[in-house]
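**Student:** Here is what each chain is made of, one letter per residue.
Number of protein chains: 4
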Amino acid sequence: MLKDFRIRPPFFEIGPKAYLYGQAALDLAIEADRLCELYDVDIIYTPQAVDLRMIAAATRRLLVFAQHMDCIPIGKGIGSTLPEAVKATGAKGVLLNHAERRMSLGDLRRAIERADAIGLATLVCADDLAEARAVAMLRPNIVLAEPPGLIGSAGGGVESRDYVRTINEAIARIDPSIRVLHGAGIGSAEDVRAMIRLGAEATGCTSAIVRAPDPVRSMTEMIKALRETWDATR
Amino acid sequence: MLKDFRIRPPFFEIGPKAYLYGQAALDLAIEADRLCELYDVDIIYTPQAVDLRMIAAATRRLLVFAQHMDCIPIGKGIGSTLPEAVKATGAKGVLLNHAERRMSLGDLRRAIERADAIGLATLVCADDLAEARAVAMLRPNIVLAEPPGLIGSAGGGVESRDYVRTINEAIARIDPSIRVLHGAGIGSAEDVRAMIRLGAEATGCTSAIVRAPDPVRSMTEMIKALRETWDATR
Amino acid sequence: MLKDFRIRPPFFEIGPKAYLYGQAALDLAIEADRLCELYDVDIIYTPQAVDLRMIAAATRRLLVFAQHMDCIPIGKGIGSTLPEAVKATGAKGVLLNHAERRMSLGDLRRAIERADAIGLATLVCADDLAEARAVAMLRPNIVLAEPPGLIGSAGGGVESRDYVRTINEAIARIDPSIRVLHGAGIGSAEDVRAMIRLGAEATGCTSAIVRAPDPVRSMTEMIKALRETWDATR
Amino acid sequence: MLKDFRIRPPFFEIGPKAYLYGQAALDLAIEADRLCELYDVDIIYTPQAVDLRMIAAATRRLLVFAQHMDCIPIGKGIGSTLPEAVKATGAKGVLLNHAERRMSLGDLRRAIERADAIGLATLVCADDLAEARAVAMLRPNIVLAEPPGLIGSAGGGVESRDYVRTINEAIARIDPSIRVLHGAGIGSAEDVRAMIRLGAEATGCTSAIVRAPDPVRSMTEMIKALRETWDATR
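Protein chains in written order, with our numbering: chain A, 1 to 234; chain B, 1 to 234; chain C, 1 to 234; chain D, 1 to 234.
Next up, chain A with everything else stripped away, as it sits in the complex (with noise of 0.2 Å):
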């Protein structure tokens, strides 16, 4: 766990994937760092290796994680992502086991062993609450619970996801200090209200956005979402 990284609930996260890069991927940035002024919450976006400099550069609020990043030491390593390489991009952290790119467990320890001591936050994959405790144990900044079936998944049934709550306080008790981002299948503001109202301090969404007809409008309407259920209910 990085020690100098703040964030505060509500908080969101929007990636990319492999599906924004270059300009469009600025573009939508450019547009987050505004809402994190606008409804002041703190917004994780986890750009293409390639955009995270560019991304950096162009934002002042905006979270900018990386990926990926590869637990390698400065040397050898052609196509590789270097830690220190990330943290030279102005990136705050990494991203880390996402199910399109699972790492070994001890891949995972030493990489957030790594990132702690270079300066990046980890936010972390877990598929259920097995694995999110298992996580928890490796003390990541953020864990972030996504049950693989319902990734990319059109939505709806948020509101039955009972498993945010035992997630929570399982985190809790192991270390209070660890953050859980609850993602999966979050399609429109009204399923963002809905995680919130289940209990998660932060969510996120990545195909709802990207492939909306109007990303920035799609994106705006989940923050401001965030914003007030989360004024509403805490």
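Everything labelled a hint here was simulated from the structure, so no lab data went into it. Glycine is no exception: its CB is placed at the ideal position from the N, C-alpha and C atoms. Honestly, I wouldn't trust all of these hints.
What the hints assert, rightly or not - Cross-link-like lysine to aspartate or glutamate pairs, in silico, DMTMM-like; alpha carbons within 20 Å at most: (1) A:224 <-> A:42; (2) B:76 <-> A:100; (3) C:76 <-> D:100; (4) D:224 <-> D:214; (5) C:3 <-> C:175; (6) D:76 <-> C:100; (7) D:3 <-> D:84; (8) A:76 <-> A:40; (9) C:224 <-> C:201; (10) A:224 <-> A:40; (11) A:76 <-> B:100; (12) D:76 <-> D:107.
Stated by the list, open to error - Simulated restraints, written as ranges between beta carbons of each label pair: (13) D:148 <-> B:228: 45 to 51 Å; (14) D:30 <-> C:23: 22 to 28 Å; (15) C:74 <-> D:190: 23 to 29 Å; (16) D:3 <-> C:8: 49 to 55 Å; (17) D:173 <-> A:228: 37 to 43 Å; (18) D:73 <-> A:160: 22 to 28 Å; (19) C:75 <-> B:197: 36 to 42 Å.
Chain A is already provided as a structure; the job is to place chains B, C and D on it using the hints.
**Tutor:** Quick look at chains B, C and D alone, frame taken from chain A:
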């Protein structure tokens, strides 16, 4: 093979691997770019993915190549390097199948086809004669022949590498428009001279440059040797 | 290419994959062995690694091949399949680079060299013409041409696969002693006939046999069709 | 955690890795089986997948475990090790996540759940305290604690491994029914004694047995030391 890609012998590849990143990688790139003009040689430079855009923007003649790309479609793919995202940085090509980042035969074939389609030149590694011939069947722009046992070696004994002509001739028989770069264990300007005298039209270096007390001087001596030996022997 | 390996057209491959194991894989192998004699055809059978020894011991003419092997030296390697350990089971060869178990070009080259050295024949998968030519450069005993889009397909349309002769001719130009097996989507005896009429000297089947209501009958019909069509057309 | 699995301290693990296979692996297993009776200790033996059935059939009390399995469903999966196929060999369990065969956290969780469901005990590797606690969250039967830097080491200094009690206590707090085996760098009977005196209830050895001039003698001395030290200290 990207049709629009033009590179003229003698040429050179400098691979920062995960040794150099950020400012140091940029500084070396700018010096390399200057050497392209000074000695009228093409230099391929393969920085970390996060540094591609910055280096492409700061150089004119340097051929900036990615170290790897993942042959995925636009869409999912957290932690991947999307080909289109590489292209959008201003990179001119991509290194594929390095000993530190092997690709399956199928992925390699698809990556070359994708690079051709979106406008990236391909520099594809092969360990020996059999692999060089196999790679040539996939029609890259350049085959990079590097016996893995010699990568990062102290150099020396370059003059005894009689495989250089054998590989050149085998590739020429398959497709004379495929260029061949002979690397691995090039430790000095003297090694560059030996390689060109052996019949290579291109060579390259990583560790002996990035780990030299004065990398710019080491690089400059090699590029000068490349040009002089080429002019003296061809 | 293992020099001592002899296989005569027409031949066939049956791949239990991870569908069949233990007693069911043994039972089917024993029936396949009987068909080898009955129709005088060579059949390659590729069971799970754990079943190799049992099946090799219970059959006489069946060519038992491993589904994969790891090209590691004797020593470390937990979870690997050591080539020497495969050989010691009585297996006659090894399947390499299947779409479900890709290998890097370098690993594939080394695995073929190792198989040659310890006495295992090699059956190496290729997706298309370019890959088939690349694989042929590594000199396996047999190239298994399987367009991945057709693997496990319902069959049908086999008669329109005009790539069969193209690949056969390309391989023959590289090395006429390399055999070529054309698989993928062979769903019935009729598909076997179509494949042989197209010019194939060998074909194979997995799902249409292992998922048939009566696998032995399905297999028998295919082997009978193989022999009859071969005799009628060659 | 497989409920039906019973193992009693002190116990031991012998890992032939890819050092031993076929007849030599069988011979050592038969001797190990004899030692189980002679010293009334449980011994886990992890041969190459191809040797599982033969060794399970030739031994009585020896706990034969696979070195790995792939958590795939019955169906596709060439080159995989299907869990059901492992079970059908007579194996009693499976080693997972060894430093030589890492698994992603998600694959590891699913493999443990699958092993529980089909009746295989699980022995899961962890590098250090943090990983051991993470693995314990997934509820395996046994955690195998092996600092990778010590694997294959010449042994020595075992008595200074103060992490042994720390890990034991941490696991016991999570679930006292999880057993803990402390391995890595056990080079002699003296090392076995030191490990048991440190508080371990189980240890194991690979290289110092398989590479000994007389493996059976080396193994016998270790098992004798295990039993005697246990009886003298518990």
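**Student:** Compare the structure with each hint and give your call.
**Tutor:** Going through the hints against the structure:
Among the hinted pairs, residue 224 of chain A with residue 42 of chain A is consistent with the structure: their alpha-carbon atoms are about 12 Å apart, no more than 20 Å. Simply put, residue 76 of chain B and residue 100 of chain A have alpha-carbon atoms about 8 Å apart, close enough for the 20 Å limit, and the pair holds. The straight-line distance between the Cα atoms of residue 76 of chain C and residue 100 of chain D is roughly 8 Å, inside the 20 Å bound, and the hint therefore holds. In summary, the hint linking residue 224 of chain D to residue 214 of chain D is supported, as the alpha carbons are separated by about 16 Å, within the 20 Å threshold.
Between residue 3 of chain C and residue 175 of chain C the CA atoms are separated by roughly 14 Å; this keeps the pair inside 20 Å, and the hint holds. For a cut-off of 20 Å, the pair hint linking residue 76 of chain D to residue 100 of chain C stands: about 8 Å separates their Cα positions. Restraint check: the Cα-Cα separation between residue 3 of chain D and residue 84 of chain D comes to about 18 Å, which is no more than 20 Å; the hinted pair holds. Note on residue 76 of chain A and residue 40 of chain A: the hinted pairing is violated, with a Cα-Cα distance of about 42 Å set against a maximum of 20 Å.
Straight-line distance between C-alpha atoms of residue 224 of chain C and residue 201 of chain C comes to about 14 Å, which keeps the hinted pair within the 20 Å bound. Restraint check for residue 224 of chain A and residue 40 of chain A: the C-alpha separation of about 10 Å stays at or below 20 Å, so the hint holds. At most 20 Å may separate the alpha-carbon atoms for a hinted pair to count; residue 76 of chain A and residue 100 of chain B meet this at roughly 8 Å. For the proposed pair residue 76 of chain D and residue 107 of chain D, the alpha carbon gap of about 17 Å is at most 20 Å, so the pair holds.
For the pair residue 148 of chain D and residue 228 of chain B, the supplied restraint of 45 to 51 Å holds, since their beta-carbon distance comes to about 49 Å. Range check, residue 30 of chain D to residue 23 of chain C: about 25 Å between beta-carbon atoms, so the 22 to 28 Å window is met. Take residue 74 of chain C and residue 190 of chain D: their Cβ atoms lie about 28 Å apart, and the range 23 to 29 Å holds. Between residue 3 of chain D and residue 8 of chain C the C-beta distance comes to about 53 Å, which sits within the given range of 49 to 55 Å.
Hint check: residue 173 of chain D to residue 228 of chain A, Cβ distance near 42 Å, so the stated range 37 to 43 Å holds. Residue 73 of chain D and residue 160 of chain A have their C-beta atoms about 27 Å apart, which keeps the hinted 22 to 28 Å range intact. The beta-carbon spacing between residue 75 of chain C and residue 197 of chain B, approximately 40 Å, falls within the hinted interval of 36 to 42 Å.
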